[in-house]
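Below, each chain spelled out in residue letters.
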Amino acid sequence: MTNFLSVKDAGNINELISSANNFRINPFSQQSLGRGKRIGLIFLNPSLRTRLSTQIAAQNLGMEPVVFNASQDGWSLEFEEGAIMNGTSVEHIKDAAPILGRYFDILGVRTFPSLKNKEEDYNEYVLNQFVKYSGIPVVSLESATVHPLQSLTDVITINDYLPLQTKMKPKVVLTWAPHVKPLPQCVANSFCEWINAWDKCDFTITHPAGYELDKNFTKGAHVTNSQAQALKDADFVYVKNWSSYRDYGKIEDNDVNWMLTKEKLSPSNNAKIMHCLPVRRNVELSDEVLDSPNSIVTEQASNRVWAAQSVLAQILKDLP
Amino acid sequence: MTNFLSVKDAGNINELISSANNFRINPFSQQSLGRGKRIGLIFLNPSLRTRLSTQIAAQNLGMEPVVFNASQDGWSLEFEEGAIMNGTSVEHIKDAAPILGRYFDILGVRTFPSLKNKEEDYNEYVLNQFVKYSGIPVVSLESATVHPLQSLTDVITINDYLPLQTKMKPKVVLTWAPHVKPLPQCVANSFCEWINAWDKCDFTITHPAGYELDKNFTKGAHVTNSQAQALKDADFVYVKNWSSYRDYGKIEDNDVNWMLTKEKLSPSNNAKIMHCLPVRRNVELSDEVLDSPNSIVTEQASNRVWAAQSVLAQILKDLP
Amino acid sequence: MTNFLSVKDAGNINELISSANNFRINPFSQQSLGRGKRIGLIFLNPSLRTRLSTQIAAQNLGMEPVVFNASQDGWSLEFEEGAIMNGTSVEHIKDAAPILGRYFDILGVRTFPSLKNKEEDYNEYVLNQFVKYSGIPVVSLESATVHPLQSLTDVITINDYLPLQTKMKPKVVLTWAPHVKPLPQCVANSFCEWINAWDKCDFTITHPAGYELDKNFTKGAHVTNSQAQALKDADFVYVKNWSSYRDYGKIEDNDVNWMLTKEKLSPSNNAKIMHCLPVRRNVELSDEVLDSPNSIVTEQASNRVWAAQSVLAQILKDLP
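Protein chains in written order, with full-length UniProt numbering: chain C, 1 to 320; chain B, 1 to 320; chain W, 1 to 320.
With the rest of the complex left out, here is chain C (with noise of 0.2 Å):
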């Protein structure tokens, strides 16, 4: 594994979510393996579970992490090629990029979308600059259009259930939550194109007309604007808003109906819960959902560390 951008880098799946289960197991079993490497995590946005996740499990394999929040250290790039930088950016990426892959053996990137220019977005502008200018594997901590680590541990978790399922392939559902604000697309775009890629599940995504997702990462999965119909016979729900893809980056309209509740639950079976967090709780569902055994959404965030120590583990494996 060279970079971990996104599904087409995971390479096989299965694989990914073993070595991630015998990390839970053992967490240290690999400490030799980044012994004297480190990996640098820059954030252009904040994060709580995503850099302390992916923190740990450096930690776990011997790496040094360094942790980097651009924003707090007024440190503002620039991207745009040509730029006569008179303005607020500090630095070309051309010049940041190269320096961080001089400085670290890794290099873990969070940006996110501008949720106005759809193009720059879809094409991964920002974090395809890192991958172009440091010239070392880049591991994705959520970019403009996909979340991979989240995802990863999406799959982990449902994993462990299937032993459970008694159907060959069980029923998940992703669908759409209302919010206060307008959200990208990514943890949605990615659990639709990694759910597709493991191909053990039967996938269905419901949601309010105009809240389409793109159909790159959505092809093959059943989509519904009838939440009823989506949640029935449902073996595992994940709840998430995102904003429209259609009218880039709007909140078409926030139906506060679509919250899940626990009575729109009962036709489901006996539903296991997930969301990414962090949650609204009583916007996009309802305390007595999340405090139910049937919440998953603590393991979910505990895996986090189990997914990113097995793509950093099989990083590190394949440096030159």
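These are computed hints drawn from the structure, not numbers from a lab. Keep in mind that this is a model prediction, so the values were computed, not measured. Among the hints, a few may not be true.
Since copy identity is lost for identical chains, a pair holds within one copy or between any two.
[To be verified] SDA-like mimics (lysine to any residue), calculated; alpha carbons at most 25 Å apart, straight line:
| # | residue 1 | residue 2 |
| --- | --- | --- |
| 1 | K250 | G87 |
| 2 | K167 | N14 |
| 3 | K181 | V90 |
| 4 | K317 | E252 |
| 5 | K219 | D9 |
Dock chains B and W against chain C, hints included.
Below, chains B and W without anything else, positioned relative to chain C:
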């Protein structure tokens, strides 16, 4: 030791002091105790000494400390049960704390009082939810009402000078001092309950009328509004500002005549001068006092490391 | 080496270069030197390269670096002797520095000039108080007037190319460049005194009239207001903006014609191009120059690690 939230969790104070003194001589004597363990240090408000000393104490014990400054990362928590989270809080403590409990073996948490809602503050509304929901040992890095790592440091420092005392019980005085803004009662409350529990000193508290502390912390101590009377024959003088407990969080009367000066100290028994720092020079006490050989504030701050190490070692030993 | 505040503390520059070159080949060759030692890196203003490279250098030597960003933690220091601290400063350097001296074995400090009070800046009012009150070795991470770790890096980088030179002494040119805001004279001052002390180059400084640097740093160098004349036959061209020393901290005349371009470099001896970074592209120098093979700015930045490691190793060896 499961948690370290106040003197009630301290167990035998003399054993904690003795353990701290051993670490001062040999900081790395128990490096294997914390190997492979992690402490998360969560700051809901900023810190210098507490952060650095706890970080160093953890490293001395072989642990990996991970610092997380909540405010800087725009991570505002919700604490209200049943809240409809459509405002500015991005995550509920019920969701955040369990995950910290999975990522870490011990959690250090700094909270702070609102200085507005006395009942919530004095019930340790925020800290107690970290304890309730994290599921791992929690160490207070200062909370709404107390600062036990500071107080342990204070008794460690006084203990160093006990052999030089001729009295059965040296006279320890806590004197209120003027300040420029309303401060919590934490350090004062905490010093009171530790000195009382330790029971090796004759303890006097002095402050202007209106600055009475909560009796739950002070009972057993002499209290007087006459600073002159209190300072007479004093062996140790602890200088500290606090805002009103009665008229909660208010500055009753910032009487500048309460600033501690060399002249005022002349009837003392060549008293050692203590302060938790940071100190407002020539507001709380004069340069002359702080720069005199009687000031032991630097030793006090140095002992923060050994106090934290003593507590963390005990918690590590008692981990399930 | 006790402190590293300027070229005066460097001792034998060639030995420092040679030590840096050894670390570049074998970064972990002296891990036992720093084992159990701690360096505090205190930033009174933000930093990317200096922070990361010093952190990495310390880790390479087995030390534990602890970073403290003063401004982000709302920790504003008082430096005035006898100040009545009833304003916004929360702690006096006289109280803070001794404690840092107890917590750490070495202190790295980044300060910055006011660009208003020339006398205070040029007396290194702030940095010197850290030295005076901390009681441990202090390494400048850039101060009000110099940036010695950058300058050591610069001579290490030039030294790499000396074997390729045919002249007895290569021609090194420091050229002023336009910028969007008034910058310190630090990098320029420091480069001058190091190149002069190293005495392996023929050294020319060029800038518009009004940008004369303090003669204490430049004496021995050729100074000219003709950029064209300076660049003729140049082997190394160091590009840097600085504000006026004479009309202190002001921008005299931000003459855009001083931007370094490929065309201007044609009379040079195929000169290598240097810059401390961050650089304002197409303001200080053109894309064409920065993207050409003659640019050695990335190598320069990489060498920051070995410069810092060379200095820290020497200080560690000389610790009492």
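Against the structure, the hints come out as follows:
With identical chains, the CA atoms of K250 and G87 are at most 25 Å apart between copies only, with a shortest distance of 19 Å across copies and 28 Å within one. For a Cα distance limit of 25 Å, the shortest separation of K167 from N14 inside one copy, 19 Å, qualifies, whereas the shortest one across copies, 62 Å, does not. Within a single copy, K181 and V90 get their C-alpha atoms only as close as 29 Å, which misses the 25 Å cut-off; across copies the closest is 11 Å, which meets it. With identical chains, the CA atoms of K317 and E252 are never at most 25 Å apart, being 45 Å at best within one copy and 55 Å at best between copies.
Taking identical chains as interchangeable, the C-alpha atoms of K219 and D9 lie at most 25 Å apart only when both belong to the same chain, with a minimum of 19 Å there against 57 Å between chains.
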